[in-house]
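Visitor: Position chain B relative to chain A; hints supplied.
Protein chains: 2
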Amino acid sequence: MSTTLRLSHRAEWAEGQPISELMSRALAEPDLISLAAGFVDEHTLPVDPTREALASMFADGGGLKAALQYGTTSGYPALREAILSRFVQTNACQRDLSIDQVVVTAGSNQLLHLVSESLLDPGDIVLCSAPTYFVYLGTLGNAGALSYGVAVDAHGMVPEALEDSLTRLQRAGDLPRVKAIYLVPYSDNPCGITMPLERCARIVDIAKRWSLERQIHVIADEAYREMRYEGEDVPSVLTVDDEGDTVIVAGTFSKSFSPGIRVGWGILPQHLIGPVCNQKGNIDFGSPNFSQHLMASVMQLGLYEPHLERVRAGYRRKLQAMLAAVDHELAPIGGVRWITPTGGLYVWLQLTDDLPAGPDGPLFNAAIAEGVLYVPGQYCYPTLGEPVRHNTVRLSFGVQTPEKIRQGVAALARSMRHVLG
Amino acid sequence: MSTTLRLSHRAEWAEGQPISELMSRALAEPDLISLAAGFVDEHTLPVDPTREALASMFADGGGLKAALQYGTTSGYPALREAILSRFVQTNACQRDLSIDQVVVTAGSNQLLHLVSESLLDPGDIVLCSAPTYFVYLGTLGNAGALSYGVAVDAHGMVPEALEDSLTRLQRAGDLPRVKAIYLVPYSDNPCGITMPLERCARIVDIAKRWSLERQIHVIADEAYREMRYEGEDVPSVLTVDDEGDTVIVAGTFSKSFSPGIRVGWGILPQHLIGPVCNQKGNIDFGSPNFSQHLMASVMQLGLYEPHLERVRAGYRRKLQAMLAAVDHELAPIGGVRWITPTGGLYVWLQLTDDLPAGPDGPLFNAAIAEGVLYVPGQYCYPTLGEPVRHNTVRLSFGVQTPEKIRQGVAALARSMRHVLG
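Protein sequence lines correspond, in order, to chains A and B.
With our numbering, the residue at position 210 of the first sequence is 210, and numbering never jumps.
With our numbering, the residue at position 385 of the second sequence is 385, and numbering never jumps.
Since the hints were derived computationally from the structure, they do not count as laboratory data.
Since we're looking at a predicted model, the values are computed, not measured.
Footprint (simulated), chain A over chain B, 3 or more residues, beta carbon under 8 Å:
# : stretch
1 : 7 to 15
2 : 34 to 42
3 : 59 to 67
4 : 111 to 123
5 : 201 to 213
6 : 281 to 293
FRET-style restraints, in silico, Cβ to Cβ:
#  : chain 1 : residue 1 : chain 2 : residue 2 : range
7  : B       : 90        : A       : 30        : 31 to 41 Å
8  : B       : 171       : A       : 5         : 20 to 30 Å
9  : B       : 163       : A       : 123       : 33 to 43 Å
10 : A       : 270       : B       : 359       : 20 to 30 Å
11 : A       : 48        : B       : 30        : 35 to 45 Å
12 : B       : 86        : A       : 52        : 27 to 37 Å
Partial list, derived from the structure: chain A residues whose beta carbon lies under 8 Å from chain B:
#  : residue
13 : 6
14 : 8
15 : 11
16 : 118
17 : 119
18 : 211
19 : 258
Glycine included, C-beta positions come from ideal geometry on N, C-alpha and C.
Okay, chain A solo, but in the shape it has when bound:
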């Protein structure tokens, strides 16, 4: 009967996600030091804050029952209130925002999915940094949409390159298909770059000016905003959207508190509240209420900020360990360049042209033979626009201990020398 099986176009578009292959490779060789996965540090998982928040929920019988019952599609009001008030405070935001604009999702990822479903038809285009967050590229591909890569520098997406891209798309008659510009403004995945507000403001201005035939939204994926280990915070790009109709913010507690509780959110322009909630209603009716009450309790009891400080302290040490190892092990090889991040979970390497780092290349297999797994940087490149760079590597310092990070980077150095002969 399988001869007559016909899957949807979406199922075809979703095939061959590279990362699942990487994961099975890592699982098959458990001695491998994985610098690949963006998992979070086990030592900073919030055991005590979770215990305390749950105890408080159980002390309030009515509240606990509410947590075990269905919630609403857009999420638990007390949590949305806490998210919004923290957002307004952190950004000294002058804009009028209402909790109607806040929707709770299964991580920021689901928010990105819901926004894609609301805005994109097959063949539509989203402009992204090249490189960018590869899981989002999968979300776009799944909807039959196209990703178009725009050049980046040390401050993120380059406004002039964005204008050039839009000009090219306009000349080709494709401007009506451009629906959004996707940014990861804070300690981005995969480069660790934080975009200055002035840079973001120029991109919002470009989005508004180029909304000639169709509105172009700016999707600001702030997943790594709290994961800052050095330097000052930067206000959200939402604060420079004076009309409040362009910027969509995605946030999450997955990295900063717990990915297992898995609560993310969006802050939406008014005109997208209905469409995004309709999509969510048709997918899951609303995220698990229990997780939402738990996160609300964590925030109401003041447990979030102190935990965040512990999280930052933990990752700060790991980032330092990785930068020291990269400096010590990789710099001597010559031609290896990297951006020094002040946050996030990743260090992005650019190698010389004679060191292709792809999954079928010599370096990838040599690295596995030496005992380390990385994410080939080529997965992080959009389909159109800027060319894919095959001599790039994403290293994550999220999961491993400082000692394992050093060992992993040393193994990578050995594999590079091996390939270079």
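Guide: This is chain B only, laid out in the frame that chain A set:
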């Protein structure tokens, strides 16, 4: 700028979900007795089992940390093992099933969504009972797919009517677009019918015989299977799929344990594991791990079955209260017919033709004036096939106390007499 806003086709297809209007109506008039929502009984929410399961998780530090970390896309293996072994036992299932075929989702609803995404392109057709679960009709509409209604009798979807529908579709050249038959075999929403296994087996046989150009799957939504208050359990329709390539099972702990924890699952034919997990990977990466570990702990500690008995005892009293009230209040009006369910959360009324029950009709408003809200049955009818019956009503006994159920049904009787003059 909103003049240039262009949403996706999906966003247009998702508009105007009738139930959200009903909900706002209910919220706006808090004194209304709602016999509309399918929420679960607050008194049977599992406070003590949840406390006990969490205590056990906290006693095992490593287990708790695993619950707070990312999981895998298909779900926590120990939970999938528990779900599968309970399924095999309950059904005395002889088929070889592996936990690879079990995927954990945000309620059974998300499983239905993922299967739709994997199988359906816009314009594709799913055959459903008329009436059927209206939220699934929204899921289909959201994907641009069409629902085609097949007649039901007291044992559910009528096999002869299904064959007739397929014949009509074939003559119209639409058979290649038919991708699935959707069944709610246990205490269905909205009628409360449980389908005998022999009836389900005939439908599986029809699906296999009619898989001429494209495979036609049978989606068995077993959301209400555990909500049986009288009579014997019936084995799952999966047990009669000898080749194991036709039946997809959707299940959930939402009704039987807690909708707030929100853990559902699917049991998939081998060829759908990859496509469904690809979709889930692109949407949310996997359901919240904490909820999954909690449910696994509930099952491992043996807390699920005793809780289920309490749940059943609670709803048994409510079903009896509603049936007694319907008998006492509505039977005298004449011409009101209903099916006596042995489980579920609903009683389905069929009124005489002079009592249209739609949201714009006289009965709906009279009922609200008398203080009761119901779901107009017309929402439960597929787009094509069997005609919509406007003189139908879905009553839920899930949320209200027996006393409120009696008051609500009495108010409905008054409004009927009022409309009939």
